[in-house]
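Asker: So the protein sequences, as listed, match chains A and B. Mind the numbering: the first sequence is residues 30 to 251 in my numbering, read in order. Mind the numbering: the second sequence is residues 30 to 251 in my numbering, read in order.
These are computed hints drawn from the structure, not numbers from a lab. Quantities reported herein were computed from a predicted structural model and do not represent experimental measurements. Fair warning: there could be bad hints in the mix.
No distinction is drawn between identical chains; accordingly, a pair holds when it is met within one copy or between any pair of copies.
No farther apart than 20 Å at their CA atoms in a straight line, the calculated lysine to any residue pairs in the SDA-like style are these [said to hold, decoys possible]:
#1 LYS204 with THR228
#2 LYS179 with LEU100
#3 LYS246 with VAL137
#4 LYS214 with GLY119
#5 LYS214 with GLY118
#6 LYS246 with GLN57
#7 LYS246 with ARG218
#8 LYS204 with LEU227
#9 LYS179 with THR117
#10 LYS179 with PRO96
#11 LYS246 with ALA163
2 protein chains.
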Amino acid sequence: MVNIPVLKSITEANALLADALRATFARQDVLVLNIIASPGAGKTSLLERTIDMLDGELCLSVIEGDPTTSLDAERIVAAGVPAVQINTGGGCHLEARMIQAALEQVSVEDADVVIIENVGNLLCPTGWDLGEDAKVVVASLPEGDDKPLKYPMAFATAEAVVINKIDLEPYLPAKASVLRENALKVNPRLAVFEVSCLTGQGLDRWLDWMREQLAAKRGSST
Amino acid sequence: MVNIPVLKSITEANALLADALRATFARQDVLVLNIIASPGAGKTSLLERTIDMLDGELCLSVIEGDPTTSLDAERIVAAGVPAVQINTGGGCHLEARMIQAALEQVSVEDADVVIIENVGNLLCPTGWDLGEDAKVVVASLPEGDDKPLKYPMAFATAEAVVINKIDLEPYLPAKASVLRENALKVNPRLAVFEVSCLTGQGLDRWLDWMREQLAAKRGSST
Numbered sequence: 030m031v032n033i034p035v036l037k038s039i040t041e042a043n044a045l046l047a048d049a050l051r052a053t054f055a056r057q058d059v060l061v062l063n064i065i066a067s068p069g070a071g072k073t074s075l076l077e078r079t080i081d082m083l084d085g086e087l088c089l090s091v092i093e094g095d096p097t098t099s100l101d102a103e104r105i106v107a108a109g110v111p112a113v114q115i116n117t118g119g120g121c122h123l124e125a126r127m128i129q130a131a132l133e134q135v136s137v138e139d140a141d142v143v144i145i146e147n148v149g150n151l152l153c154p155t156g157w158d159l160g161e162d163a164k165v166v167v168a169s170l171p172e173g174d175d176k177p178l179k180y181p182m183a184f185a186t187a188e189a190v191v192i193n194k195i196d197l198e199p200y201l202p203a204k205a206s207v208l209r210e211n212a213l214k215v216n217p218r219l220a221v222f223e224v225s226c227l228t229g230q231g232l233d234r235w236l237d238w239m240r241e242q243l244a245a246k247r248g249s250s251t
Numbered sequence: 030m031v032n033i034p035v036l037k038s039i040t041e042a043n044a045l046l047a048d049a050l051r052a053t054f055a056r057q058d059v060l061v062l063n064i065i066a067s068p069g070a071g072k073t074s075l076l077e078r079t080i081d082m083l084d085g086e087l088c089l090s091v092i093e094g095d096p097t098t099s100l101d102a103e104r105i106v107a108a109g110v111p112a113v114q115i116n117t118g119g120g121c122h123l124e125a126r127m128i129q130a131a132l133e134q135v136s137v138e139d140a141d142v143v144i145i146e147n148v149g150n151l152l153c154p155t156g157w158d159l160g161e162d163a164k165v166v167v168a169s170l171p172e173g174d175d176k177p178l179k180y181p182m183a184f185a186t187a188e189a190v191v192i193n194k195i196d197l198e199p200y201l202p203a204k205a206s207v208l209r210e211n212a213l214k215v216n217p218r219l220a221v222f223e224v225s226c227l228t229g230q231g232l233d234r235w236l237d238w239m240r241e242q243l244a245a246k247r248g249s250s251t
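Just chain A, with the same shape it has in the complex (with noise of 0.2 Å):
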C-alpha cells in the first residue's frame, strides 16, 4: 500500500514550499529577510538607506511585493540593486510560490542577502512563511505608539522592529519609548531600532544587526 500525503490547506503547500525555499538559500549562504509594516511605513525608503549606507560592501537583491505598479522596484534599482517585481493584482500578502517565481528573475546566487519587501499590510503577511531568516517590521512612529498591542501577530513572529520617522517624534502625541517597550510587551525577544530614514539617525545599529545575522548564518552553516 502507498500512502500518499494530502495537502490540507494552501497555507500547508505554502510552508512545505517555503521550507523547500528555506533550504535553497541555506546551500547558497545567502540571508533572506522579509520586512513587513502597513502601508507607508517606509520600507522601500529602509532599502535605499540600507543600499546607499553599505555602499557595496554586501551583495544585495532585493523582491518587491505590492498589489500594484512598479514605482518600488524602480527606486530599488535607480539605488543600484537589482530588485523583481511582484504584482499581487490586488492580492495582500506574497506567498512562497511568488519568490519562487521571482527567483527565475532575479539573481540570489551571487547575493550575501535578500531582501523580500512585502505588501504593505500589517495583518496578512504574517501567515505566509516565505522562506526566510528572519521576519522585520518597520513601524512607523506617526502610526501611533499602541500599535503593537492592536496588530501583535507582526511583532509576535518577528526577529526585529524599525521604528521609523523618530525625526517626526516632536511634533507627535506618540512616542518611540512607548513604541518600544509595547513591541517588547508582545516579544520580549525582538531587536529594536530608532531610525528615521530621512535623516539617517540611528541606522548604523540596523546595519550591524544585519551584519550580525549574515555572520551567525554563515557560521551555523560551516
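Fit chain B to the known structure of chain A by using the hints.
Answerer: The following block gives chain B in isolation, referenced to the frame of chain A:
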C-alpha cells in the same frame, strides 16, 4: 420542481447579507459609513473629533473592527457615543455577518449615522460590502502621497477621502496637494478633505459632507 439557489462563494453570501442590511438601514433612515484605512491613519481620532464637533447635533452609533483589543471602542464610549467592538481574532477585514451580529448589541434605530471603523488595512476590507451607503478612506499624509497609485482599490470604491495629519506637512517629503491629485486620478468623483485630527483643521468641511449625505439619503427615501 423547486429551484434551490446555491451560493457560489462566501463573497456572494456576503453581498446578499449586505444588501439585506442596506434595506434595514434604509427603513431606519440611518446613514451608514464604512471607514477604511491603514493602521494608525487616524480613523478613531476622526471619530472622536466628529463626535466632539457635532456636540449632540446628530445621534451616532459606532461599530469598531480590530484584530484584537477593545481600545478603540473604549475611546468612542469615553467620547459619549454607544459603540460595539468586533474582534476579528487576527482577521484582516469586517464582513456583513459581523455587522449583523454587532447590531444585536448596539441600537441603531434612533441613530442618524452609523459609522463602521474597519480593520486597519488598505487592501482586504475593500472587497467586503457591509451594507454601507458610502466607503470613506482615511489617508495619513506621513504614509506618502503615492498611496492612491500603489493601493488604488480602496480609493476607486470610496465616495470620500479624508487626508489626515496635514499639520505634519512642513516636516514631510509628502505633499497633501499631490496626494489629492493622485486620489482624483484613481477616482475623479471623490470628495477630498484635508484635515488634522490633532489640531481640528479642515474638519468643518468633512462634517458638512456628512450632513449632506444624510440629507440626501433622507430626501431620497421620503
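Asker: Taking the hints in turn, state whether each one holds.
Answerer: Evaluated hints:
no. : hint               : in the structure
1   : LYS204 with THR228 : both (18 Å within a copy, 18 Å between copies)
2   : LYS179 with LEU100 : between (30 Å within a copy, 8 Å between copies)
3   : LYS246 with VAL137 : within (16 Å within a copy, 57 Å between copies)
4   : LYS214 with GLY119 : between (33 Å within a copy, 18 Å between copies)
5   : LYS214 with GLY118 : between (35 Å within a copy, 19 Å between copies)
6   : LYS246 with GLN57  : within (11 Å within a copy, 62 Å between copies)
7   : LYS246 with ARG218 : within (18 Å within a copy, 52 Å between copies)
8   : LYS204 with LEU227 : both (18 Å within a copy, 15 Å between copies)
9   : LYS179 with THR117 : between (26 Å within a copy, 11 Å between copies)
10  : LYS179 with PRO96  : between (24 Å within a copy, 7 Å between copies)
11  : LYS246 with ALA163 : within (11 Å within a copy, 51 Å between copies)
Consistency note: the structure conflicts with none of the earlier hints.
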